[in-house]
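Student: Each chain, written out:
There are 2 protein chains.
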Amino acid sequence: MSETIFSVVHKDASSKARTGIIQLPHGPVETPVFMPVGTNGTVKAITVDDLHEIGFQIILSNTYHLYLRPGTGVIDAAGGLHRFIHWDKNILTDSGGFQVFSLAPFRKITEGGAKFRSHIDGSYHLLSPERVVEIQSILGSDIQMQLDVCTSYGTNYKDAEKALIITDKWLKRAKSAWEAVTDDGIYQGKLFAIVQGNFYKDLRQRSAELVVAADTPGIAIGGLSVGEPFEVFTEYLQYTTALLPEHKPRYVMGIGTPEFILEAIEQGVDMFDCVFPTRTGRNGLLFTRQGPITIKKGKYEYDFNPIDEECTCKVCRNYSRSYLRHLYRTGEILSSILASYHNLYFLHDLVRSARRAIQENRYTSFKKDFLYSYKSGTSKNE
Amino acid sequence: MSETIFSVVHKDASSKARTGIIQLPHGPVETPVFMPVGTNGTVKAITVDDLHEIGFQIILSNTYHLYLRPGTGVIDAAGGLHRFIHWDKNILTDSGGFQVFSLAPFRKITEGGAKFRSHIDGSYHLLSPERVVEIQSILGSDIQMQLDVCTSYGTNYKDAEKALIITDKWLKRAKSAWEAVTDDGIYQGKLFAIVQGNFYKDLRQRSAELVVAADTPGIAIGGLSVGEPFEVFTEYLQYTTALLPEHKPRYVMGIGTPEFILEAIEQGVDMFDCVFPTRTGRNGLLFTRQGPITIKKGKYEYDFNPIDEECTCKVCRNYSRSYLRHLYRTGEILSSILASYHNLYFLHDLVRSARRAIQENRYTSFKKDFLYSYKSGTSKNE
Numbered sequence: 001m002s003e004t005i006f007s008v009v010h011k012d013a014s015s016k017a018r019t020g021i022i023q024l025p026h027g028p029v030e031t032p033v034f035m036p037v038g039t040n041g042t043v044k045a046i047t048v049d050d051l052h053e054i055g056f057q058i059i060l061s062n063t064y065h066l067y068l069r070p071g072t073g074v075i076d077a078a079g080g081l082h083r084f085i086h087w088d089k090n091i092l093t094d095s096g097g098f099q100v101f102s103l104a105p106f107r108k109i110t111e112g113g114a115k116f117r118s119h120i121d122g123s124y125h126l127l128s129p130e131r132v133v134e135i136q137s138i139l140g141s142d143i144q145m146q147l148d149v150c151t152s153y154g155t156n157y158k159d160a161e162k163a164l165i166i167t168d169k170w171l172k173r174a175k176s177a178w179e180a181v182t183d184d185g186i187y188q189g190k191l192f193a194i195v196q197g198n199f200y201k202d203l204r205q206r207s208a209e210l211v212v213a214a215d216t217p218g219i220a221i222g223g224l225s226v227g228e229p230f231e232v233f234t235e236y237l238q239y240t241t242a243l244l245p246e247h248k249p250r251y252v253m254g255i256g257t258p259e260f261i262l263e264a265i266e267q268g269v270d271m272f273d274c275v276f277p278t279r280t281g282r283n284g285l286l287f288t289r290q291g292p293i294t295i296k297k298g299k300y301e302y303d304f305n306p307i308d309e310e311c312t313c314k315v316c317r318n319y320s321r322s323y324l325r326h327l328y329r330t331g332e333i334l335s336s337i338l339a340s341y342h343n344l345y346f347l348h349d350l351v352r353s354a355r356r357a358i359q360e361n362r363y364t365s366f367k368k369d370f371l372y373s374y375k376s377g378t379s380k381n382e
Numbered sequence: 001m002s003e004t005i006f007s008v009v010h011k012d013a014s015s016k017a018r019t020g021i022i023q024l025p026h027g028p029v030e031t032p033v034f035m036p037v038g039t040n041g042t043v044k045a046i047t048v049d050d051l052h053e054i055g056f057q058i059i060l061s062n063t064y065h066l067y068l069r070p071g072t073g074v075i076d077a078a079g080g081l082h083r084f085i086h087w088d089k090n091i092l093t094d095s096g097g098f099q100v101f102s103l104a105p106f107r108k109i110t111e112g113g114a115k116f117r118s119h120i121d122g123s124y125h126l127l128s129p130e131r132v133v134e135i136q137s138i139l140g141s142d143i144q145m146q147l148d149v150c151t152s153y154g155t156n157y158k159d160a161e162k163a164l165i166i167t168d169k170w171l172k173r174a175k176s177a178w179e180a181v182t183d184d185g186i187y188q189g190k191l192f193a194i195v196q197g198n199f200y201k202d203l204r205q206r207s208a209e210l211v212v213a214a215d216t217p218g219i220a221i222g223g224l225s226v227g228e229p230f231e232v233f234t235e236y237l238q239y240t241t242a243l244l245p246e247h248k249p250r251y252v253m254g255i256g257t258p259e260f261i262l263e264a265i266e267q268g269v270d271m272f273d274c275v276f277p278t279r280t281g282r283n284g285l286l287f288t289r290q291g292p293i294t295i296k297k298g299k300y301e302y303d304f305n306p307i308d309e310e311c312t313c314k315v316c317r318n319y320s321r322s323y324l325r326h327l328y329r330t331g332e333i334l335s336s337i338l339a340s341y342h343n344l345y346f347l348h349d350l351v352r353s354a355r356r357a358i359q360e361n362r363y364t365s366f367k368k369d370f371l372y373s374y375k376s377g378t379s380k381n382e
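Chains as they are written, first to last, in full-length UniProt numbering: chain H, 1 to 382; chain C, 1 to 382.
Bound-form chain H, shown alone (with noise of 0.2 angstroms):
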């Protein structure tokens, strides 16, 4: 059996819930957790001070990216992703899987690997399952995930079948070479499979009962949050956590809007990672507790309150909405960098508050008031 990395610490009287701590090679990771996204080796807008104030233990960086730009041999040669960046907790890097299906303008799937296109200078490159091991360990993340065949909503039965075929292949193959990389201890990273299935719940079974069997210290739920309705994701998100073990990590990624992180903790998900936050901010869309507000409408013109009157973080207790929407209208980046701190503080104390209800065995009720106030307050009279 696979090392343990993932203990539960409590589990929520009401409901799936559960706090926990993941040990990785970077410091334990108090669960559920947020992770915000860095794509290119930075969380947009964000210094890496940003982070440690807000408090994430863990950050999520893009393989495909930083594999084409700057290339593995810069980072190598900068001894690693962590000291390239200057950020000394964890790194989670996804496999580019993603990003060869959603970014790259040609790509070819076949049993040894996707073949892609840069979408950056049109260069061929290939992403076998052996090879995206061997980066992320170059990379030095903490959690590395394998390649993985992605699927949109929608793709019929047969394809979403294929796709998990190869997909179990390519996880025995990532699993190998993960098992030799860290063969001899130095590199530590922790390899994560990942449940695919598309929206067929027979194919979501057995691609989980295939991940479980692999036992990697870590599984991913991929293929959920891809644009179906949110009781569609409901229903699969529930349906294939159900599968999995207790005692391991269980991660869905792309999903970071509170309704969504909500109902993924509800249902005993421990990790989740977005760009909304940072992308909506950089857009002038503010998280409040009374629901998300547009910064730039003209309502907010004279309004000298905080963006959340409730937030404790730097930009509620200094700025006002007035300020902020001007930084807005004028295009300044103190725009960008204010509102990215403020939806990544206000999501990290959204997980925070999550861990105590759990904690305490009132989840469900938090859960409760809580969507009440955010889906019925500002932004419905914006």
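If you are wondering where the hints come from, they were derived from the structure by calculation, not from laboratory data.
Model, not experiment: these values are computed from the prediction.
Each hint can be trusted.
Calculated Cβ distances over 12 angstroms to all of chain C for the following chain H residues: (1) 102; (2) 112; (3) 228; (4) 290; (5) 312.
Okay, derived cross-link-like pairs now, EDC-like style, lysine to aspartate or glutamate, Cα gap no bigger than 20 angstroms in a straight line: (6) C:314 x H:53; (7) H:368 x H:310; (8) H:375 x H:259; (9) C:314 x H:49.
Where is the CB? At the ideal position from N, CA and C, for every residue including glycine.
Please arrange chain C on chain H, whose structure you already have, making use of the hints.
Tutor: For chain C alone, coordinates are given in the frame of chain H:
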């Protein structure tokens, strides 16, 4: 005689350079001083925490921009510019005159004032000398500038003289308005007059005499560093500075390169501002003691040294040229953040070193040594 806000602390034995202290409503300012520019109420890509960390005691902001957006109504309701932008040290605002000349798509100068169209929405506005004083007092500027008529390098004698005459009339009106607005002691900002006269020595002299007679707390030298050759800049700077009284702070507007700053200090100038360090930083030009470097160049791909070995700023302590090149090439906002921070820190440190050299009567050799390295170093070999 007007109130004294400036005291000379030490005069360099080898040049006209001097150290001093300006007493302002938001604390003392040690001179010589470089003031970063926060056009829209933020120094671009820099937080106020960073400004404090570097050690700035005064920043500049632009009346023209703030008057148009968010408008004086908003800043007034916010309780002034300091509270609006959350900056508790000093702010100098320009008069808006220069922006009317450089940005407005239409402008007409009469004795009454400068009529112009907004570059943002095309609306018509009139800035009179009195209105400009009023706006700056609403902003709560610690130093406010009189409205003046700017002329470009190459303006003929007659037009330069005409501009000088109007500028003088506006000065007298500005001074009356400023005396009225400070009469109750609530607003305590200091008015600076501006010497014009283009590149005609007799006009410079006439303007200087009028300015000296007006007896404002401080004096600016306008119309320099507007595209003239360095030798012409030096000649007119030297000529004009010699016409000014010793006991008032001297401010040269719009200079931000080490060469121009060190030259100005040598001529006894106390204050300067420029967007240069932040604007060029955003464009990937980074100051080093061996001259500026263009970070995007291929030679920095595997360069894991800091921007400047001798620099003690947090960017140089924590990040490599290789990483900064990567951030620049990927268009990351962090590139602008780190480059702006380093360039401002570098100039602040340069001016602090200049102050120390003046105290120790070795300014001339300090300047010579710095420029020898700066001009013969990396930038030449890039």
